[in-house]
Amino acid sequence: MPDIWDVVIGMEVHVQPRTRTKMFCGCAVGDVNDPPNSHVCEVCLGLPGVLPVINKAAVEACLKTALALNCEIPRHTKFDRKNYMYPDLPKGYQISQYDLPMSKNGYLEVGGRRVRIRRVHLEEDTGKLVHAGDKLHKAWESYVDLNRAGVPLMEIVSEPDLHSADEARDYAMELRTLLRAIGASEADMEKGQLRAEPNISIRRAGSSELGVKTEIKNINSFRALHRAIIYEVDRQSQVLESGGEVVQETRGWSEDEQRTFSQRSKEFAEDYRYFPEPDLPPLELDRAWIDELKSALPELPSVRRARLLDQLPAGQVAIIGADRELADLYESAVAKGAQALPTANWIVNEVAPSGKLLDAQNLAELMRLLAAGSITRDQAREAYFEAVETGRTPAEIVAEHGYSQVSDASELRVLAEAVIDANPKAAADYRAGRKQAMQALMADLRKRAPQANPKVATEVLLQLLA
Amino acid sequence: MPLSKDQVRHVAMLARIGLEPGDEEFYAEQLSGILEHIDRLQQVDTEAIPPTAQVVEVAATLRDDEPRPGLDQAEALANAPAAVDGFFRVPSIQEEA
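Chain order of the listed sequences is A and B.
Taking our numbering, I'd label the letters of the first sequence as residues 1 to 466.
Taking our numbering, I'd label the letters of the second sequence as residues 1001 to 1097.
Hints in this document: simulated from the structure, not taken from any laboratory.
Where a beta carbon is used, it is the ideal one built from N, C-alpha and C, also for glycine.
A hint or two may mislead.
[As the list claims (entries may be wrong)] Here are some of the chain B residues that sit facing chain A, going by a computed Cβ distance under 7 Å: (1) L1014; (2) D1065; (3) G1070; (4) S1092.
[Stated by the list, open to error] Computed cross-link-like contacts, DSSO-like style, restricted to lysine-lysine with a CA-CA straight-line distance of at most 30 Å: (5) K91/A x K1005/B; (6) K217/A x K128/A; (7) K82/A x K1005/B; (8) K455/A x K336/A; (9) K104/A x K91/A; (10) K91/A x K56/A.
Given only the sequences and the hints, what does the whole structure look like? Please build it.
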């Protein structure tokens, strides 16, 4: 991308709040793998004569999110009908919010910068369409599953304050961290619980006039979000540099082809004819309830991250501070006597990649065994995962396997001499100045004696080869 | 101001209503009558009246987040013109790439 273009990105993020039931009826929020049309009722099927009733938990999750995003919450809010005809929308309209949303004018701190939040409102999800048929004979048809129809959604709309693919991805990731920290949503992108739709425009560097924007849909991962924005900025700059004009439109992201494509069609004409939802009276937001929700908010990720930075290097904080479960585990284990940095490193290297969490008490115990030199790191790793699988304590597992670490230099000297005898070439290479030959010698030593303390064994080998 | 035929066709398309030849004039006249009536209402001085989305003076009630039984799959599909493997079946709405 040439430097002559400034990139302007705003984000619309749809988030499924953590609720047991749908937005306006008592149907359970199902799982993606449930049979089609197994979580439906007269209300979410849009049968005649039914009335919606607002889910309190969805309102609560939306208010918590709005508060955590520093939004203003009005005294009155209302729902509106957004009218359009599509088979995934059985009523022929979506209940959403138009001019009196649940909240507005907030911000989220991302990487030390404020991204302004225009509004956070509540609406309902649509059903799922599966397209099938015979391409050759153009005998296509679509199958409709309405399990998702009526599932609550929060829509979080940012101002166009983002200026690169990196910033947009970081914003979406920070939002996920925040939503999980306050318990408003599980925000799992793979399950469609968090959907990011960037709107992107470019303008001549230094210009204050906004360019024509395009909106991208179908993005199902942070990586796809990043790539789609890079692709789209590149596409728009090519269009403009070749003398063309960017068309305001919705574009889809194709994961297979790694490109965006036009979804323009008459069917999607934006003419939603919003009007106040006649089946729902306006909603009054009780100040006492909002104050209660505000005071019950947990420590927000930005505050926690700042606190962790007092104890740990930035690299570790970036990983631990992005995940409430990891941060809780770290802080609890340290509170139970584990050393800060080794515990943080353990979480970064073993816990985060595997996603397997041991309870803090047992992690602290394992870290003590490791710090005391009673077991090797490899043994600690095995004990960790066995403890996660079996629920037994690391001390029991270490005792049962007879894990121990040999740190006695005279004992290791006998072993090291045997290793040198068995690997004359590697020993000669090392003596000839090829330092990397030490790796082969250490590998053989650890094969013969997994319980050997690697640090002491290396020292003994170095002495013998000197 | 009467509605144009184009406006009638646009509204019909949005509502997925098929029009027969001559329908445009018929509906243009009817819909224009409704709009004229609304225009007359617009002349009322509402300066001192707060915007009103609802005429009933009640606030919405909230429902506890407790699942309730709905319809099973067979019941849900009972009135569907066509169904396949538990899905409603509809004519193609595949978007062109």
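Quick rundown of the hints versus the structure:
1. L1014: Holds - the Cβ of L1014/B comes within 7 Å of chain A, reaching about 6 Å at its closest.
2. D1065: holds, 4 Å
3. G1070: Cβ of G1070/B sits 3 Å from chain A, so the hint holds.
4. S1092: holds, 4 Å
5. K91/A x K1005/B: holds, 27 Å
6. K217/A x K128/A: holds, 15 Å
7. K82/A x K1005/B: holds, 24 Å
8. K455/A x K336/A: Holds: K455/A and K336/A sit about 27 Å apart, inside 30 Å.
9. K104/A x K91/A: holds, 28 Å
10. K91/A x K56/A: holds, 22 Å
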